[in-house]
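Whenever a hint applies, use it, and build me the whole structure from the sequences.
Line by line, the protein sequences are chains E and G. Residue 405 in UniProt numbering sits at position 405 of the first sequence, and the numbers go up by one each step. Residue 143 in UniProt numbering sits at position 143 of the second sequence, and the numbers go up by one each step.
Because the hints were derived from the structure by calculation, they are not lab data. Cβ coordinates follow ideal geometry from the N, Cα and C atoms, glycine included. One or more hints might be untrue.
[What the hints assert, rightly or not] Pairs of lysine to aspartate or glutamate, EDC-like flavour, derived with a Cα cap of 20 Å:
1. G/Lys141 - E/Asp14
2. G/Lys141 - E/Glu13
3. E/Lys477 - E/Asp509
4. E/Lys66 - E/Glu13
5. G/Lys141 - E/Asp21
6. G/Lys141 - E/Glu35
7. G/Lys134 - E/Glu30
8. E/Lys66 - E/Asp5
9. E/Lys275 - G/Asp155
10. E/Lys331 - E/Asp305
11. E/Lys167 - G/Asp86
12. E/Lys519 - E/Asp533
13. G/Lys6 - G/Asp126
[As the list claims (entries may be wrong)] Which residues of chain G face chain E? A partial, calculated answer using Cβ under 10 Å:
14. Ser83
15. Ala93
16. Lys141
17. Phe161
For reference, the chains in residue letters:
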Amino acid sequence: MYVYDQYDQQIIEDRVQQFRDQTRRYLAGELSGEEFRPLRLQNGLYIQRFAPMLRIAVPYGLMSSKQVRMIAKIARDYDKGYAHISTRTNVQFNWPDLEDVPDILAELATVQMHSIQTSGNCVRNTTTDQFAGVAKDEIIDPRPWCEIIRQWSTFHPEFTHLPRKFKIAINGAVTDRVAIEVHDIGLEAVRNDAGELGFRVAVGGGLGRTPVVGSFINEFLPWQHLLSYLDAILRVYNRYGRRDNKFKARIKILVKALTPEVFAERVNAEWAQIKDGPTTLTEAEVARVSAHFVDPAYKTLVDQDAALAALDAAHPGFARWRERNTFAHKKAGYIAVTLSLKPTGVSPGDVTDKQLDAIADLADRYSFGESRNSHNQNIILADVEQSQLFTLWGELREHGFATPNVGLLTDIICCPGGDFCSLANAKSIPVAEAIQRRFDDLDYLFDIGDIELNISGCMNACGHHHVGHIGILGVDKKGQEFYQVSIGGSSGRDASLAQILGPSFAQEDMPDVIDKIIKVYVEQRTDEESFLDTFRRIGVAPFKERVYAANH
Amino acid sequence: MQRIIKNGQVVDETWHLLPKDTTLDGLSNCDDLIVPLALWIEHPHALKARDGGLGVWLEAGEEIEEIADQLDNFQVIALNFPSFTDGRHCSTAYLLRTRYGYKGEVRAIGDVLRDQLFSYQRVGFDAFALREDKDPLDALKAFEEFSEVYQASSDQPQPLFRRRA
Chain E
1 MYVYDQYDQQ IIEDRVQQFR DQTRRYLAGE LSGEEFRPLR LQNGLYIQRF
51 APMLRIAVPY GLMSSKQVRM IAKIARDYDK GYAHISTRTN VQFNWPDLED
101 VPDILAELAT VQMHSIQTSG NCVRNTTTDQ FAGVAKDEII DPRPWCEIIR
151 QWSTFHPEFT HLPRKFKIAI NGAVTDRVAI EVHDIGLEAV RNDAGELGFR
201 VAVGGGLGRT PVVGSFINEF LPWQHLLSYL DAILRVYNRY GRRDNKFKAR
251 IKILVKALTP EVFAERVNAE WAQIKDGPTT LTEAEVARVS AHFVDPAYKT
301 LVDQDAALAA LDAAHPGFAR WRERNTFAHK KAGYIAVTLS LKPTGVSPGD
351 VTDKQLDAIA DLADRYSFGE SRNSHNQNII LADVEQSQLF TLWGELREHG
401 FATPNVGLLT DIICCPGGDF CSLANAKSIP VAEAIQRRFD DLDYLFDIGD
451 IELNISGCMN ACGHHHVGHI GILGVDKKGQ EFYQVSIGGS SGRDASLAQI
501 LGPSFAQEDM PDVIDKIIKV YVEQRTDEES FLDTFRRIGV APFKERVYAA
551 NH
Chain G
1 MQRIIKNGQV VDETWHLLPK DTTLDGLSNC DDLIVPLALW IEHPHALKAR
51 DGGLGVWLEA GEEIEEIADQ LDNFQVIALN FPSFTDGRHC STAYLLRTRY
101 GYKGEVRAIG DVLRDQLFSY QRVGFDAFAL REDKDPLDAL KAFEEFSEVY
151 QASSDQPQPL FRRRA
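Pasting the structure below:
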């Protein structure tokens with residue numbers, strides 16, 4: 001993974017001092033709350049329902065075991081002994097004291113971590129595939145490009161006060177596990193006929209109040225021009241994006257208002273002026289960054305299909321877990337393993353300090369000392385030897401990471417919701433738990449198969465409900481918490497937005513509602529169909545009919 | 001008298017910033033004036049004929065392209081921040097310096113606060129009229145907050161990746 005040199009280290013250490021002084025001035029009354037707010041937000045610090053929430057950046061989800069141990073230490077020393085993995089692959093603490101935040105940042109800086117631009121109206125953490133570098137269907141490893149973008153965006157002097165937040169994602173594989181089409185900018189690695197690398201560029205996607213699937217405005221951007229093209233997009237947005245209404249300030253509104261074609265013309269006109277300038281990337285820089293993402297010292301191994309099949313036969317629990325929680329690796333004899341952070345009764349994405357220490361230890365012993373956070377709020381050990389899989393499974397069970405539900409109905413994406421977040425209209429964690437309790441029969445869950453259930457506690461959509469196959473949105477109706485249900489969303493290559501079923505439901509009805517939706521699917525599906533396939537074939541009507549039948 | 005930051009020093013303000021509804025009536029001949037864009041667009045000849053210094057100021061939504069071919073007329077271009085969270089003029093300052101080659105003073109006016117100054121000077125501002133309740137001497141510390149930067153901008157023509165040892 002990327003290792004800071006003296007320049008990178010200097011910049012984050014300067015940042016710690018800067019924020020220490022800003023916090024001191026705020027506490028001394030020299031900075032008003034209003035003046036401090038954007039400063040603390042650009043440092044990932046929210047004032048929440050009970051305490052500040054601090055969001056730590058995990059660039060493209062990748063962490064060393066040393067960094068994981070530091071997160072565990074901070075959870076222990078400054079929080080209530082746990083951390084939360086967010087849908088942007090970052091780490092959140094819900095209980096630090098404001099006065100402690102400069103010290104937390106100083107500790108993070110010792111392991112090359114920070115919380116720069118994890119919130120606020122600026123360029124946020126660039127996300128990518130949790131299987132980057134190991135997936136069989138990879139065209140390029142997207143991580144060097146994420147790091148190049150991280151450096152370009154860190155304290156970019158022209159773009160620190162954009163109209164609204166700005167999220168970039170990069171996909172380097174055939175399958176889109178990154179949801180690039182629902183990002184402000186989505187980049188997809190492509191090769192032209194001459195075999196040269198470039199990026200297909202989508203803009204104006206996003207969730208939130210007005211969900212939009214992005215538009216591709218450039219089919220082949222040569223890699224050398226990546227940063228100048230990003231500068232051009234951001235400059236057009238910074239100058240012409242709406243600032244009069246924060247709900248209409250995302251780039252998607254500008255792209256829509258201008259039309260994607262006109263927006264593309266503006267970007268191209270701006271780009272023509274700056275293309276080939278000093279920001280043009282050099283082969284030397286790409287090589288320098290890429291050198292940090294070369295393959296680890298893989299052994300020459302062979303796939304263990306027969307041995308694993310024998311273990312499956314003897315241990316049905318292992319077989320189930322292997323089916324759901326492992327992912328094929330490009331190297332023979334290796335496999336990627338997903339640690340489920342979604343056991344029933346635990347807030348989705350929460351990990352304790354002890355579990356974090358355990359993950360660091362497992363990463364050291366099984367996976368070259370690295371782990372990855374996924375936007376589905378799980379943790380991945382990407383480079384496990386197949387011959388060690390059974391032993392690892394045993395250890396994961398001890399630590400509560402072996403729930404065999406990755407990609408199943410109970411692998412719910414869920415924001416912290418009204419239990420913690422001051423923006424939320426409704427709680428989301430208890431809804432997730434009630435659904436997990438209702439669907440506690442593993443056979444049934446496996447029979448239902450691949451399905452994404454996403455829950456957001458408000459229309460800011462941190463739980464990505466618009467792109468869940470089933471999406472749940474917490475709404476406020478006259479001071480009461482209700483839940484709106486939508487179906488048919490997808491964040492994959494065939495991205496689509498979910499359709500709202502109809503009037504919202506009370507919290508206690510939610511397990512029944514989900515149960516009815518699933519029953520319609522099970523009754524109507526053909527042998528090969530996933531939930532999404534069936535929905536796309538039969539449409540929303542049969543689901544609507546069943547769910548609201550009692551009201552007729 | 002207001003004190004402003006110019007080229008890293010706190011100095012007495014000698015220019016007069018004229019409000020948006022200013023007309024030619026009673027305009028001083030000898031004072032150094034920063035006039036609103038609309039007045040310049042309406043009366044360029046009258047303003048050029050004066051003996052005093054001339055500057056122009058732009059609202060956050062006004063585009064520098066309107067006067068990009070007339071920049072030689074101004075000793076000062078002041079860019080107004082209605083709120084410190086409105087970053088539009090960061091692009092304006094950058095374009096003034098790098099695209100339109102403006103060499104005169106680029107001044108930040110309006111809701112100008114210490115914690116934005118580092119990035120403002122990076123994109124091309126060299127003068128800062130802080131909000132009146134703020135101490136410009138204290139704000140000078142902002143320029144030393146970072147000892148290294150990643151991007152090329154108006155202060156640093158080469159991005160870090162072309163400068164790394």
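Verification of the hints:
no.	hint	verdict
1	G/Lys141 - E/Asp14	holds (13 Å)
2	G/Lys141 - E/Glu13	holds (16 Å)
3	E/Lys477 - E/Asp509	holds (16 Å)
4	E/Lys66 - E/Glu13	holds (18 Å)
5	G/Lys141 - E/Asp21	holds (11 Å)
6	G/Lys141 - E/Glu35	holds (17 Å)
7	G/Lys134 - E/Glu30	holds (9 Å)
8	E/Lys66 - E/Asp5	holds (17 Å)
9	E/Lys275 - G/Asp155	holds (19 Å)
10	E/Lys331 - E/Asp305	holds (14 Å)
11	E/Lys167 - G/Asp86	holds (19 Å)
12	E/Lys519 - E/Asp533	holds (15 Å)
13	G/Lys6 - G/Asp126	holds (6 Å)
14	Ser83	holds (9 Å)
15	Ala93	holds (8 Å)
16	Lys141	holds (8 Å)
17	Phe161	holds (4 Å)
When the structure is compared with the earlier hints, no violation turns up for any of them.
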